[in-house]
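2 protein chains.
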Amino acid sequence: MIEDKNSQRTSLSELGEFGLIEHLTKGFVSKNSSTLKAIGDDAAVLDFSGKQVVVSTDMLIEGIHFDLSYVPLKHLGYKAVMVNLSDIYAMNAKATQITVSVAVSNRFPLEALEELYEGIALASRLYDVDLIGGDTTSSKLGMIISITVIGEATKEELVYRNGAKTNDLLVVSGDLGGAYMGLQILEREKEVFKVNPNNQPDLDPYTYLIERQLKPEARRDIYQLLKDLGVKPSAMIDISDGLSSEVLHLCKQSGVGCRLYEDKIPLDPQVISSCEEFSIDSTMVALSGGEDYELLFTVAQEDYSKIKANPNLTVIGHIVPKSEGVHLVTRGETFIPITAQGWNAMK
Amino acid sequence: MIEDKNSQRTSLSELGEFGLIEHLTKGFVSKNSSTLKAIGDDAAVLDFSGKQVVVSTDMLIEGIHFDLSYVPLKHLGYKAVMVNLSDIYAMNAKATQITVSVAVSNRFPLEALEELYEGIALASRLYDVDLIGGDTTSSKLGMIISITVIGEATKEELVYRNGAKTNDLLVVSGDLGGAYMGLQILEREKEVFKVNPNNQPDLDPYTYLIERQLKPEARRDIYQLLKDLGVKPSAMIDISDGLSSEVLHLCKQSGVGCRLYEDKIPLDPQVISSCEEFSIDSTMVALSGGEDYELLFTVAQEDYSKIKANPNLTVIGHIVPKSEGVHLVTRGETFIPITAQGWNAMK
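Same order as they appear, the protein sequences are chains A and B. This note's numbering applies: residue 22 is where the first sequence begins, and numbers increase by one. This note's numbering applies: residue 22 is where the second sequence begins, and numbers increase by one.
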């Protein structure tokens, strides 16, 4: 469907690999003092002058991670960056550089890649990260995007997954389940479109959900917010695969258990109403939906007064000794063990 | 063809994503003091204590960069690392960490991924780089490998592409064209195999060529060699796309021209004999063949005595002012302009 959107089409082979990289990256300006040399040599050169360096990488594949029949390429570029930045913010670090490798088949014209890079450029500009390298290659296999992100922090700032202690509070930023319900809406509209391409969908009631799916924002603000509040998390992880999976990672690596309260899980009203419409349990969606890119972290009990009134943060549970296990406490006060397949456990 | 090699087959879905990463990376041990935390958190943590950091990334795609009908997966893993290390050595830096993302379709059993990671592990061990992160994901699209490599150097050690000066000598490590001729041999044997699967090819006369194609070695030794010889290159680049392309990059970025002497280009006897067999001009192969992963660099005239006797290094030309252009000087003393498509220019 992508091809039809562009009235102008420039074949990728007209440019060649070097022309293509130069063309796509010419608008990018480096802003971080740690970026000494970005694109243009065998490797980029960085200088973190004493700070520690954090590195994370993620790959997005057409047909697995995204469906170009309803994801605009500019949004895809933006989201691909967010997915990666989120991992750096989950270390309580500042994201500073990215490399972007893209493989595309010939069915994409240059204009499609330009759209993708517009999204990457917008994300880079808004989040102050420098594009320092990458690779553009042809593919027989559709579109593949691989991003590596680099960040910096002092040793004291960094927060790992393994520092949660008994009695710490379990806190989540924002709300959960929106991205998953956005995907359900888009999948439904795709089916409707197949049957009747002239049907104009009314997506107004789902604006927030669709935005959560198509244009998520990584929680860069939490790093500053916690600093301002004078709170340093004892452990932190980003929520990319659903709350249950991340809670398990955090507890496993910290060697602790936890209690997560169903009635505390923050849900947007659109999540609740669309869950009713689709007859899905909203708790399941929050536990297993994924792609929310919120942060999950633990803080000491004594920090409660500092965070309790903040609209960005919700206390959803607390840490217990490992022997007590990892449980969801339902509205009916039932203890349900959380497993890697949180969804299945709830059935 | 891969599937048939393994008597044992474990489906990837049996493990799940986290089980898979843990399984594939459990044998990796970090050796560099700059690696504080490798796999297991949202991001790896590194500390380069004052050194500058170099970063490069490359993506390899089935059907474009490799053909699994004749590339063993262990070799592919090894080569994928080499391709990336080569970029770091071309900065005159030490490679220290890699991230590896792999996407595979379900036609690959776990044992195939294990073979791939065996090659990655071997390369990491022999070249002292730490695996610090990555992503393993499913694909409908065959196999895709994306690697980011990180290295370190002092500011004084780093060599860029843009430092070549008039009268500098143009030097190349090793010999050229072997990887390309190895590919020709393998492609020919694949065709023979299609016609007669019982035919046992005699590959003895081509051992070196096939090794150059299937198991290239990045020139880590040149960094140390130059240090021992007391020579610092004025500019350097690795030869991944063929000599002509790299010479052009180096000259363009340094704002100079050069003369490259056809009779000085180092060729292995197997390259010469196989070129005769295939009726290809060996100079064309060296200029445009690619995948040799040798280093091309410039040194000051006064360093000539330090490098002239070294069997690893060959002076193949010298730098001239930009106005004099970039030329190949043939055996017949003809000046031929080198263009981005060196191959075509020679026709």
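By construction, these hints were calculated from the structure, which means they are not laboratory data. Treat the hints with care, as some may be off.
Copies of the same chain are indistinguishable here, so a pair counts whether it falls within one copy or spans any two.
What the hints assert, rightly or not - Listed below are the simulated EDC-like cross-link pairs for lysine to aspartate or glutamate, each with C-alpha atoms no more than 20 Å apart in a straight line:
1. Lys58 - Glu178
2. Lys236 - Asp324
3. Lys273 - Glu43
4. Lys176 - Asp68
5. Lys161 - Asp88
6. Lys215 - Asp302
7. Lys47 - Glu208
8. Lys236 - Glu177
9. Lys58 - Glu177
10. Lys47 - Glu178
11. Lys285 - Asp196
Exercise. Is it within, between, both or neither when you check lysine 47 against glutamate 208 at 20 Å Cα-Cα?
Worked result: Classified as neither; 36 Å inside a copy, 38 Å across copies.
For this session: First find the shortest C-alpha distance between lysine 236 and glutamate 177 inside one copy, then the shortest across copies, and answer within, between, both or neither for a cut-off of 20 Å.
Result: neither (32 Å within a copy, 43 Å between copies)
For this session: Up to 20 Å between alpha-carbons, please classify lysine 58 paired with glutamate 178: within, between, both or neither.
Result: Result: close only across copies, 15 Å inter versus 26 Å intra.
Problem set entry | Within, between, both or neither, where lysine 236 and aspartate 324 count as close if Cα-Cα is 20 Å or less | Cα proximity of lysine 236 and aspartate 324: none, with 32 Å in one copy and 56 Å across.
Exercise. Checking lysine 47 and glutamate 178: alpha-carbon separation at most 20 Å within a copy, between copies, both or neither?
Worked result: Neither. Shortest intra-copy (34 Å) and inter-copy (28 Å) distances fail the 20 Å Cα cut-off.
Problem set entry | 20 Å Cα threshold - placement of aspartate 88 relative to lysine 161 | The answer is both: 17 Å in one copy and 13 Å across copies each meet 20 Å.
Exercise. Between the shortest in-copy and the shortest cross-copy C-alpha distance, which are at most 20 Å for lysine 285 and aspartate 196: within, between, both, or neither?
Worked result: within (11 Å within a copy, 67 Å between copies)
Exercise. Between lysine 273 and glutamate 43, at a C-alpha cutoff of 20 Å, which is it: within one copy, between copies, both, or neither?
Worked result: between (45 Å within a copy, 14 Å between copies)
For this session: Please work out whether the CA atoms of lysine 58 and glutamate 177 approach to 20 Å or closer within one copy, between two copies, in both situations, or in neither?
Result: Classified as between; 15 Å across copies, 27 Å inside a copy.
Problem set entry | Intra- versus inter-subunit Cα pairing at 20 Å for lysine 176 with aspartate 68 | Classified as both: same-chain Cα gap 16 Å, cross-chain 9 Å, threshold 20 Å.
Exercise. When no copy is specified for lysine 215 and aspartate 302, does a C-alpha distance of 20 Å or less occur within a copy, between copies, both, or neither?
Worked result: neither (28 Å within a copy, 55 Å between copies)
Violated hints, in rising order: 2, 6, 7, 8, 10; the structure is consistent with all others.
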